[in-house]
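Knowing the structure of chain A, use the given hints to seat chain B on it.
Respectively, the protein sequence lines represent chains A and B.
Here the first sequence is numbered in the working numbering, starting from 1 and rising by one per residue.
Here the second sequence is numbered in the working numbering, starting from 1001 and rising by one per residue.
Bear in mind the hints are in silico, worked out from the structure with no lab data behind them.
Computed from a prediction, not measured in an experiment: that's the story for all the values here.
For each residue, glycine too, the CB sits at the ideal point set by N, CA and C.
Please note: incorrect hints may appear among the correct ones.
[As the list claims (entries may be wrong)] The list that follows gives simulated cross-link-like pairs (lysine to any residue, SDA-like), each with its CA atoms no further than 25 Å apart:
{"hint": "1", "chain 1": "B", "residue 1": "K1008", "chain 2": "A", "residue 2": "Q232"}
{"hint": "2", "chain 1": "A", "residue 1": "K315", "chain 2": "B", "residue 2": "L1007"}
{"hint": "3", "chain 1": "A", "residue 1": "K138", "chain 2": "A", "residue 2": "V22"}
{"hint": "4", "chain 1": "A", "residue 1": "K80", "chain 2": "B", "residue 2": "V1035"}
[As the list claims (entries may be wrong)] Not close to chain A: a few residues of chain B, all C-beta gaps over 10 Å, as computed:
{"hint": "5", "residue": "L1010"}
{"hint": "6", "residue": "Y1124"}
{"hint": "7", "residue": "I1153"}
{"hint": "8", "residue": "N1183"}
{"hint": "9", "residue": "Y1248"}
{"hint": "10", "residue": "E1254"}
{"hint": "11", "residue": "P1275"}
{"hint": "12", "residue": "K1284"}
{"hint": "13", "residue": "L1285"}
{"hint": "14", "residue": "L1287"}
{"hint": "15", "residue": "V1311"}
Number of protein chains: 2
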Amino acid sequence: MREDEILKNLYKFFKPNERIIVGPGDDCAVLSEMVNKNLIITTDAFIENIHFKGDLLSFYEIGYKSANAVLSDIAAMGGKPLAIVISLNVNQKAINRIEEIYKGISEVCDKFCVSIIGGNIEKYDRLELHITAIGEVKREGYILRSNAKPGDIIAITGDLGRARGYFIAYERNLISGVKWWVNDMREKFSKPNARIEEMNKILNNIKVNACIDISDGLGIDGYRMAISSEVQIIIYANKIPIRDSVKYLAKKLEIKEWFIAVESGEEYELLLSIPREEAEKIEKLNLPLTIIGEVIEDKPGIYIVDGDLKVDISKRGYDAFAI
Amino acid sequence: MREDEILKNLYKFFKPNERIIVGPGDDCAVLSEMVNKNLIITTDAFIENIHFKGDLLSFYEIGYKSANAVLSDIAAMGGKPLAIVISLNVNQKAINRIEEIYKGISEVCDKFCVSIIGGNIEKYDRLELHITAIGEVKREGYILRSNAKPGDIIAITGDLGRARGYFIAYERNLISGVKWWVNDMREKFSKPNARIEEMNKILNNIKVNACIDISDGLGIDGYRMAISSEVQIIIYANKIPIRDSVKYLAKKLEIKEWFIAVESGEEYELLLSIPREEAEKIEKLNLPLTIIGEVIEDKPGIYIVDGDLKVDISKRGYDAFAI
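With the rest of the complex left out, here is chain A (with noise of 0.2 Å):
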């Protein structure tokens, strides 16, 4: 088979909407020009045995998990996602399945109504997709990871720690058998889903200063939000949204439940810095959103609170390069 022909069986994944001039097979791919609005742009890796294993997710999930991840930038940045470009590697053991892939990434673009108008494929030792999106926000509607104020509160979407937890079981050969437990933290690692639409909502209703989503762990990602802000930020291990099976999973292991949830990558939330004032309207939202903790002006940095304890989390989660 020709990569020319692989790429057009492929071409029934892009769904064609107003925005999109020219869709996959040329050089380039055309979008229509935005009036009043600025364009935003991320791109990021999901290698195999880096950012998965072929034995943890389908090709399917892959597909589903990566396509979230890119978007979840969109989705921090305070963004409408428009178009994605991949760039995928496939060994021989992928090759016959690529379909599925775009058929998770393509189930999860149609959802966000996101364009898939151009990729290359090439053939590799190891699976790897490398996704590039584009998106747009109104013009001053930008909302920046460095810009949270002392004074402010600091809350999450959804809940931490089942995507580590998952892992966790994984490696200490926990998973096998139906566990209530592990079947609700694979749910997460599987299928985590970006907070485009839950964001959308926030910054209709309430000023938000600064956001980050927690790809590698809020250890990790709250730091880059506290020094990139200059701030420390002040999380209370009590008011973690953590659920029962994370809760279960940390007393088997006699760990304290907020050490998986702080280093748990993945999850895919947003971390968000809000002026104090809005706090009360958090609730009036009906979405999954939690107050977490507090922005004060202090050393830049990022700790957690648990009772008397007062812990230095910057470096809890995964960093690619850490020794």
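Just chain B, lined up with the frame of chain A:
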């Protein structure tokens, strides 16, 4: 070292310009709106031992070549490049040479006023660059590959054959020592140049019906133009611009010069289909642009005419998935 520190160290290669509102360092980069323009997007991969060998190119050259390769797609569309994002995988050998790679990319970006607005880095066992480029075209100004018309003439920028010629010389152990013909071929192989400026001048002066860039070879890329346009393309062997270095190699190997020229990928020359009535304007452009063939109404495909021979060249070139 932390991933964030590695990335931050690369921000020096980011050159701000009026269109870039937020550069690298946040979840997304932000570009300002465009008036009367359309946006064009393309993605491409450059993988060690597939697209390049570490012993044939320096890290600087790998960056330089990769950047030109992706910007060549912008040129082929008739566009002006604005920005790129880079998803980089580095192995142990490359981890301390990332700056050299970025220096090569950056030199190309500076030349075309392109900003490096974002990136991602992973530690991996092989060096890989996945680059996505964003550009703009005038509202109706984009040039498709699929619009070649019977009666058009076919033209090519620059010369063909040196990129492949150098690789053949390498495979046959001919490259050692100082040889004028090896050096001439290596120049194109290691530092190809995207024809952004040339295409701009062409479009300001003559009508172009279709365009594609030569990344996989005149055979394969010309075939792409032919089948998407539903026309037959005829190339005249004696018209192809081939430099003395390639002629010398062909003679040495006792093969026809055009064998090398038509299968030479990574040339990043532009193949143009131009209305015949524009032909006489081409010379006045004072550009390296040569008429090498024509478009006829016949079974879609691409053929080369060499004296009495008419040879199908649709499979000549590089196909990642060819068996």
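Hints and how they fare:
Among the hinted pairs, K1008 of chain B with Q232 of chain A is consistent with the structure: their alpha-carbon atoms are about 20 Å apart, no more than 25 Å. Only pairs whose Cα atoms come within 25 Å are accepted, and K315 of chain A paired with L1007 of chain B is accepted, the gap being roughly 17 Å. With a C-alpha separation of about 24 Å, the suggested pairing of K138 of chain A with V22 of chain A holds against the 25 Å cut-off. A threshold of 25 Å between alpha carbons decides the hint, and for K80 of chain A with V1035 of chain B the separation of about 19 Å falls inside it, so the pair holds.
For L1010 of chain B, the non-interface assignment is confirmed: its Cβ lies about 13 Å from the closest Cβ of chain A, beyond the 10 Å cut-off. The non-interface label for Y1124 of chain B is inconsistent with chain A: the shortest C-beta to C-beta separation is roughly 7 Å, within 10 Å. Non-interface call for I1153 of chain B relative to chain A: holds, since the shortest CB-CB distance, roughly 20 Å, exceeds 10 Å. Every beta carbon of chain A lies more than 10 Å from that of N1183 of chain B, the smallest distance being close to 30 Å; the non-interface claim holds.
With a cut of 10 Å on Cβ distances, Y1248 of chain B stays outside the contact zone with chain A, its closest approach being about 32 Å. With a least CB separation of 30 Å from chain A, E1254 of chain B remains clear of the 10 Å interface cut-off, as annotated. Residue-level check passed: P1275 of chain B sits 20 Å from the nearest beta carbon of chain A, beyond 10 Å. For K1284 of chain B, the requirement that its beta carbon stay farther than 10 Å from each beta carbon of chain A is met, with the minimum near 27 Å.
Once the 10 Å rule is applied to beta carbons, L1285 of chain B is consistent with being away from chain A; the minimum gap is 21 Å. Non-interface call for L1287 of chain B relative to chain A: holds, since the shortest CB-CB distance, roughly 20 Å, exceeds 10 Å. Listed as outside the interface, V1311 of chain B is consistent with that label: its C-beta sits roughly 19 Å from the nearest C-beta of chain A, beyond the 10 Å cut-off.
Of the numbered hints given earlier, the model fails hint 6 alone.
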